[in-house]
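Modelling step: build the complete structure from the supplied sequences, incorporating the hints.
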Amino acid sequence: MLPFESNESMLRVQVPDNDEVKQEIYIEDSKARASSNGEIKRHHFNFDKVFQQSSTNQEIFEEISQLVQSALYGFNVCIFAYGQTGSGKTYTMSSEDGIIPLTVNQIFETCDKLRTRDYKFKIFGEFLQIYNETIMDLINGSEQKHEIKHDQQSKTTYITNLTRIQFESPEEMNKTLHRALENRSIATTKSNERSSRSHTVCIIRIEVTNPTTQESYSSVLNLIDLAGSERIAQSQVVGDRLKETQAINKSLSCLGDVIHALGDESSKHVPFRNSKLTYLLQYSLMEDSKTLMFVNVSPLEKHISETINSLRFATKVNNTGLQRKT
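Taking our numbering, I'd label the letters of the sequence shown as residues 81 to 406.
No lab work stands behind these hints, which were simulated from the structure alone. A hint or two may mislead.
As the list claims (entries may be wrong) - In silico DSBU-like links for lysine-lysine, alpha-carbon gap of 35 Å or less:
(1) K129 / K348
(2) K200 / K255
(3) K229 / K382
(4) K323 / K225
(5) K235 / K202
(6) K330 / K129
(7) K255 / K235
(8) K129 / K193
(9) K229 / K200
(10) K255 / K348
(11) K323 / K202
(12) K382 / K330
(13) K382 / K396
(14) K348 / K396
(15) K200 / K235
(16) K225 / K129
(17) K396 / K323
The structure is reproduced here in C-alpha coordinates:
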(Lines of atoms letter the chains of each structure in order from A; the text may use other names.)
(Lines give C-alpha, C1' and ligand atoms only; values in the text may rest on other atoms or scores of the structure.)
Protein backbone atom coordinates (compact mmCIF):
# COMPACT_ATOMS: atom_id res chain seq x y z
CA MET A 81 0.00 0.00 0.00
CA LEU A 82 2.90 2.31 0.83
CA PRO A 83 5.77 1.25 -1.48
CA PHE A 84 7.99 4.27 -0.89
CA GLU A 85 11.39 3.43 0.56
CA SER A 86 12.71 5.34 3.57
CA ASN A 87 14.38 7.90 1.32
CA GLU A 88 14.23 8.68 -2.37
CA SER A 89 15.35 11.42 -4.72
CA MET A 90 13.83 12.76 -7.91
CA LEU A 91 15.25 15.08 -10.55
CA ARG A 92 13.51 17.96 -12.29
CA VAL A 93 15.07 19.98 -15.12
CA GLN A 94 14.12 23.64 -15.34
CA VAL A 95 12.63 25.16 -18.48
CA PRO A 96 14.80 28.18 -19.49
CA ASP A 97 12.98 31.53 -19.40
CA ASN A 98 14.51 32.57 -22.70
CA ASP A 99 14.03 30.19 -25.63
CA GLU A 100 17.05 31.72 -27.35
CA VAL A 101 19.41 30.75 -24.53
CA LYS A 102 21.42 27.73 -25.58
CA GLN A 103 20.79 24.61 -23.52
CA GLU A 104 23.92 22.65 -22.69
CA ILE A 105 22.74 20.03 -20.22
CA TYR A 106 20.53 17.12 -21.23
CA ILE A 107 19.15 14.21 -19.28
CA GLU A 108 19.39 10.79 -20.93
CA ASP A 109 17.64 8.31 -18.64
CA SER A 110 20.20 7.74 -15.86
CA LYS A 111 22.82 9.98 -17.46
CA ALA A 112 23.40 13.71 -17.54
CA ARG A 113 25.21 14.97 -20.62
CA ALA A 114 26.92 18.34 -20.37
CA SER A 115 28.68 20.10 -23.22
CA SER A 116 30.86 23.18 -22.90
CA ASN A 117 32.83 24.82 -25.69
CA GLY A 118 32.11 21.86 -27.94
CA GLU A 119 33.35 19.28 -25.44
CA ILE A 120 30.83 16.68 -24.30
CA LYS A 121 31.05 14.95 -20.93
CA ARG A 122 28.75 12.28 -19.58
CA HIS A 123 28.04 11.87 -15.90
CA HIS A 124 26.16 9.04 -14.22
CA PHE A 125 23.78 9.70 -11.33
CA ASN A 126 21.16 7.59 -9.59
CA PHE A 127 17.60 8.82 -9.08
CA ASP A 128 14.29 7.12 -8.46
CA LYS A 129 12.60 9.29 -11.07
CA VAL A 130 13.67 11.86 -13.66
CA PHE A 131 11.15 14.45 -14.84
CA GLN A 132 11.66 16.11 -18.18
CA GLN A 133 11.06 19.81 -18.86
CA SER A 134 7.57 19.07 -20.17
CA SER A 135 6.45 17.53 -16.85
CA THR A 136 3.78 19.45 -14.95
CA ASN A 137 3.48 19.88 -11.20
CA GLN A 138 0.36 17.70 -11.27
CA GLU A 139 2.25 14.87 -12.99
CA ILE A 140 5.03 15.15 -10.43
CA PHE A 141 2.58 15.10 -7.54
CA GLU A 142 0.94 11.94 -8.84
CA GLU A 143 4.32 10.23 -8.50
CA ILE A 144 4.61 11.13 -4.81
CA SER A 145 0.97 11.01 -3.72
CA GLN A 146 1.43 7.69 -1.90
CA LEU A 147 4.24 9.25 0.12
CA VAL A 148 1.94 12.08 1.18
CA GLN A 149 -0.72 9.50 1.98
CA SER A 150 1.65 7.68 4.37
CA ALA A 151 1.53 10.67 6.74
CA LEU A 152 -2.11 9.79 7.41
CA TYR A 153 -1.02 6.33 8.55
CA GLY A 154 1.45 7.47 11.20
CA PHE A 155 4.66 8.04 9.26
CA ASN A 156 6.69 11.22 9.62
CA VAL A 157 7.46 12.56 6.15
CA CYS A 158 9.95 15.13 4.83
CA ILE A 159 9.78 16.43 1.27
CA PHE A 160 12.63 18.75 0.27
CA ALA A 161 13.23 20.85 -2.83
CA TYR A 162 16.98 21.33 -3.33
CA GLY A 163 18.93 23.15 -6.02
CA GLN A 164 20.78 26.27 -6.99
CA THR A 165 19.16 29.69 -6.90
CA GLY A 166 16.70 30.15 -9.76
CA SER A 167 16.36 26.45 -10.63
CA GLY A 168 12.62 26.26 -9.99
CA LYS A 169 12.37 24.99 -6.40
CA THR A 170 9.72 27.47 -5.28
CA TYR A 171 7.69 26.88 -8.45
CA THR A 172 7.78 23.15 -7.76
CA MET A 173 6.82 23.47 -4.10
CA SER A 174 4.82 26.64 -3.54
CA SER A 175 3.23 27.83 -6.78
CA GLU A 176 -0.55 27.78 -7.08
CA ASP A 177 -0.42 24.21 -8.41
CA GLY A 178 2.75 23.27 -6.51
CA ILE A 179 3.47 20.30 -4.29
CA ILE A 180 2.41 22.03 -1.06
CA PRO A 181 -1.10 23.13 -2.18
CA LEU A 182 -1.67 19.77 -3.87
CA THR A 183 -0.56 17.99 -0.70
CA VAL A 184 -2.99 20.01 1.40
CA ASN A 185 -5.83 19.17 -0.99
CA GLN A 186 -5.07 15.45 -0.95
CA ILE A 187 -4.81 15.26 2.83
CA PHE A 188 -8.26 16.74 3.34
CA GLU A 189 -9.78 14.65 0.53
CA THR A 190 -8.40 11.45 2.06
CA CYS A 191 -9.55 12.45 5.54
CA ASP A 192 -13.09 12.89 4.21
CA LYS A 193 -13.00 9.35 2.78
CA LEU A 194 -11.59 7.78 5.95
CA ARG A 195 -14.20 9.46 8.14
CA THR A 196 -16.73 7.00 6.72
CA ARG A 197 -14.73 4.30 8.57
CA ASP A 198 -15.03 6.20 11.87
CA TYR A 199 -11.60 7.83 11.67
CA LYS A 200 -11.38 11.30 13.18
CA PHE A 201 -8.70 13.81 12.20
CA LYS A 202 -7.27 17.05 13.45
CA ILE A 203 -5.06 18.95 10.99
CA PHE A 204 -2.73 21.68 12.21
CA GLY A 205 -0.40 23.93 10.24
CA GLU A 206 2.68 25.98 11.05
CA PHE A 207 4.66 28.08 8.59
CA LEU A 208 8.17 29.31 9.29
CA GLN A 209 11.40 30.36 7.67
CA ILE A 210 14.96 29.84 8.84
CA TYR A 211 16.89 32.96 7.93
CA ASN A 212 20.54 33.30 8.97
CA GLU A 213 19.97 30.49 11.48
CA THR A 214 17.06 32.38 13.03
CA ILE A 215 13.52 30.97 13.05
CA MET A 216 10.78 33.40 11.98
CA ASP A 217 7.02 32.94 12.17
CA LEU A 218 5.56 33.50 8.69
CA ILE A 219 1.96 33.67 9.89
CA ASN A 220 2.00 36.53 12.37
CA GLY A 221 5.42 38.01 11.58
CA SER A 222 6.18 38.59 15.25
CA GLU A 223 9.73 39.23 16.39
CA GLN A 224 9.44 36.87 19.35
CA LYS A 225 12.29 34.46 19.93
CA HIS A 226 11.61 30.93 18.74
CA GLU A 227 13.42 27.93 20.15
CA ILE A 228 13.32 24.30 19.06
CA LYS A 229 12.26 21.91 21.81
CA HIS A 230 12.34 18.12 21.68
CA ASP A 231 10.33 15.71 23.79
CA GLN A 232 12.52 12.62 23.81
CA GLN A 233 9.86 10.42 25.36
CA SER A 234 7.24 11.06 22.68
CA LYS A 235 9.81 11.77 19.93
CA THR A 236 8.07 15.02 19.03
CA THR A 237 9.31 18.53 18.29
CA TYR A 238 7.74 21.91 18.82
CA ILE A 239 8.87 25.52 18.37
CA THR A 240 8.22 28.02 21.13
CA ASN A 241 5.98 31.02 20.36
CA LEU A 242 5.23 29.73 16.86
CA THR A 243 1.68 30.16 15.56
CA ARG A 244 -0.14 26.85 15.14
CA ILE A 245 -3.58 26.84 13.51
CA GLN A 246 -6.11 24.04 13.31
CA PHE A 247 -7.59 23.93 9.82
CA GLU A 248 -10.98 22.59 8.80
CA SER A 249 -10.65 22.87 5.02
CA PRO A 250 -7.95 22.91 2.31
CA GLU A 251 -9.14 26.33 1.13
CA GLU A 252 -8.53 27.79 4.57
CA MET A 253 -5.07 26.24 4.86
CA ASN A 254 -3.92 27.19 1.36
CA LYS A 255 -5.09 30.76 1.90
CA THR A 256 -2.97 30.98 5.05
CA LEU A 257 -0.05 29.39 3.19
CA HIS A 258 -0.27 32.01 0.45
CA ARG A 259 -0.24 34.80 3.00
CA ALA A 260 2.71 33.23 4.84
CA LEU A 261 4.80 32.91 1.69
CA GLU A 262 4.47 36.63 1.05
CA ASN A 263 6.45 37.20 4.26
CA ARG A 264 9.56 35.31 3.14
CA SER A 265 12.94 37.00 2.95
CA ILE A 266 13.58 37.79 -0.71
CA ALA A 267 16.58 39.56 -2.23
CA THR A 268 18.19 40.17 -5.60
CA THR A 269 21.42 38.37 -6.45
CA LYS A 270 23.43 37.96 -9.63
CA SER A 271 21.89 34.50 -10.00
CA ASN A 272 18.25 35.45 -9.54
CA GLU A 273 16.24 38.68 -9.36
CA ARG A 274 14.00 37.21 -6.64
CA SER A 275 16.14 34.85 -4.64
CA SER A 276 14.72 33.26 -1.49
CA ARG A 277 17.26 33.86 1.26
CA SER A 278 15.74 31.42 3.72
CA HIS A 279 14.58 27.85 4.12
CA THR A 280 10.78 27.84 4.07
CA VAL A 281 9.13 25.08 6.11
CA CYS A 282 5.46 24.12 6.03
CA ILE A 283 4.69 21.82 8.96
CA ILE A 284 1.46 19.83 8.81
CA ARG A 285 0.62 17.98 12.03
CA ILE A 286 -1.94 15.21 11.85
CA GLU A 287 -3.73 13.66 14.84
CA VAL A 288 -5.77 10.53 14.20
CA THR A 289 -8.19 8.62 16.41
CA ASN A 290 -10.68 5.85 15.78
CA PRO A 291 -13.12 4.99 18.61
CA THR A 292 -14.11 1.75 16.89
CA THR A 293 -10.62 0.30 16.44
CA GLN A 294 -9.12 2.09 19.47
CA GLU A 295 -6.40 3.54 17.23
CA SER A 296 -4.68 6.77 18.20
CA TYR A 297 -1.55 8.20 16.61
CA SER A 298 0.00 11.35 15.22
CA SER A 299 2.46 12.27 12.50
CA VAL A 300 4.25 15.25 11.02
CA LEU A 301 4.56 16.14 7.35
CA ASN A 302 7.35 18.64 6.62
CA LEU A 303 7.39 20.38 3.23
CA ILE A 304 10.62 22.30 2.76
CA ASP A 305 11.61 24.79 0.08
CA LEU A 306 15.34 25.03 0.72
CA ALA A 307 17.18 28.28 0.11
CA GLY A 308 19.14 28.20 -3.12
CA SER A 309 22.71 26.97 -3.09
CA GLU A 310 25.12 29.46 -4.65
CA ARG A 311 28.81 29.79 -5.32
CA ILE A 312 29.82 33.05 -3.72
CA ALA A 313 32.11 34.04 -6.59
CA GLN A 314 29.36 33.55 -9.17
CA SER A 315 26.57 35.21 -7.19
CA GLN A 316 28.73 38.33 -6.65
CA VAL A 317 27.11 39.07 -3.29
CA VAL A 318 28.59 41.38 -0.67
CA GLY A 319 27.67 42.66 2.78
CA ASP A 320 24.43 41.23 4.17
CA ARG A 321 23.85 39.16 1.03
CA LEU A 322 27.28 37.56 1.51
CA LYS A 323 26.46 36.62 5.11
CA GLU A 324 23.14 35.17 3.96
CA THR A 325 24.81 33.08 1.28
CA GLN A 326 27.42 31.79 3.71
CA ALA A 327 24.68 30.82 6.19
CA ILE A 328 22.67 29.09 3.45
CA ASN A 329 25.63 27.10 2.15
CA LYS A 330 26.65 26.05 5.66
CA SER A 331 23.11 24.91 6.47
CA LEU A 332 22.87 22.87 3.27
CA SER A 333 26.24 21.31 4.02
CA CYS A 334 24.99 20.37 7.51
CA LEU A 335 21.94 18.71 5.95
CA GLY A 336 24.25 16.61 3.78
CA ASP A 337 26.35 15.66 6.81
CA VAL A 338 23.27 14.54 8.75
CA ILE A 339 21.96 12.43 5.88
CA HIS A 340 25.38 10.84 5.45
CA ALA A 341 25.67 10.07 9.18
CA LEU A 342 22.17 8.57 9.27
CA GLY A 343 23.11 6.20 6.48
CA ASP A 344 26.48 5.22 7.98
CA GLU A 345 25.99 2.29 10.35
CA SER A 346 29.44 2.90 11.84
CA SER A 347 28.63 6.52 12.72
CA LYS A 348 28.10 6.95 16.45
CA HIS A 349 26.97 10.57 16.24
CA VAL A 350 24.51 12.39 13.99
CA PRO A 351 25.24 16.17 13.95
CA PHE A 352 21.62 17.34 14.14
CA ARG A 353 22.56 20.31 16.31
CA ASN A 354 24.92 21.82 13.73
CA SER A 355 22.07 23.75 12.08
CA LYS A 356 18.56 24.89 12.97
CA LEU A 357 17.11 23.05 9.97
CA THR A 358 18.48 19.63 10.87
CA TYR A 359 17.72 20.10 14.57
CA LEU A 360 14.12 20.99 13.71
CA LEU A 361 13.74 17.91 11.51
CA GLN A 362 15.55 15.50 13.83
CA TYR A 363 12.62 13.18 14.56
CA SER A 364 11.30 13.44 11.02
CA LEU A 365 14.52 12.09 9.54
CA MET A 366 14.64 8.93 11.65
CA GLU A 367 12.41 6.25 13.17
CA ASP A 368 9.50 5.39 10.90
CA SER A 369 10.17 8.36 8.65
CA LYS A 370 10.11 8.73 4.89
CA THR A 371 12.18 11.29 3.02
CA LEU A 372 12.00 12.56 -0.54
CA MET A 373 14.30 15.11 -2.11
CA PHE A 374 13.56 16.89 -5.36
CA VAL A 375 16.70 18.22 -6.96
CA ASN A 376 15.97 21.07 -9.35
CA VAL A 377 18.64 21.87 -11.93
CA SER A 378 19.20 24.37 -14.71
CA PRO A 379 20.06 23.04 -18.20
CA LEU A 380 22.21 26.07 -19.10
CA GLU A 381 25.96 26.01 -19.67
CA LYS A 382 26.64 28.88 -17.25
CA HIS A 383 25.15 26.77 -14.46
CA ILE A 384 26.98 23.52 -15.25
CA SER A 385 29.22 23.56 -12.19
CA GLU A 386 26.39 24.14 -9.71
CA THR A 387 24.14 21.67 -11.52
CA ILE A 388 26.75 18.92 -11.22
CA ASN A 389 27.13 19.71 -7.52
CA SER A 390 23.35 19.48 -7.04
CA LEU A 391 23.22 16.15 -8.87
CA ARG A 392 26.02 14.75 -6.72
CA PHE A 393 24.29 15.89 -3.53
CA ALA A 394 20.99 14.30 -4.49
CA THR A 395 22.68 11.07 -5.57
CA LYS A 396 24.29 10.87 -2.13
CA VAL A 397 20.83 11.22 -0.59
CA ASN A 398 19.47 8.51 -2.85
CA ASN A 399 22.29 6.12 -1.96
CA THR A 400 21.76 6.63 1.77
CA GLY A 401 19.61 4.25 3.77
CA LEU A 402 18.36 6.18 6.80
CA GLN A 403 18.99 4.19 9.96
CA ARG A 404 17.21 4.34 13.31
CA LYS A 405 19.59 6.31 15.49
CA THR A 406 18.91 8.17 18.69
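Going through the hints against the structure:
1. K129 / K348: 32 Å, holds
2. K200 / K255: Judged against 35 Å, a Cα distance of about 23 Å means the pair holds.
3. K229 / K382: Violated, at about 42 Å.
4. K323 / K225: Holds, at about 21 Å.
5. K235 / K202: 19 Å, holds
6. K330 / K129: 28 Å, holds
7. K255 / K235: The given pair, whose Cα atoms are some 30 Å apart, holds under the 35 Å limit.
8. K129 / K193: 29 Å, holds
9. K229 / K200: Holds, at about 27 Å.
10. K255 / K348: Given that 35 Å is the threshold and the Cα spacing comes to 43 Å, the pair is violated.
11. K323 / K202: Between K323 and K202 the Cα gap is close to 40 Å, so the pair fails against 35 Å, i.e. violated.
12. K382 / K330: 23 Å, holds
13. K382 / K396: Given pair K382, K396 holds - Cα atoms ~24 Å apart, limit 35 Å.
14. K348 / K396: OK: K348 and K396 at ~19 Å, within 35 Å.
15. K200 / K235: Roughly 22 Å between the alpha carbons, so the hint for K200 and K235 holds.
16. K225 / K129: 40 Å, violated
17. K396 / K323: 27 Å, holds
Hints 3, 10, 11 and 16 from the earlier list are contradicted by this structure; the remaining hints agree with it.
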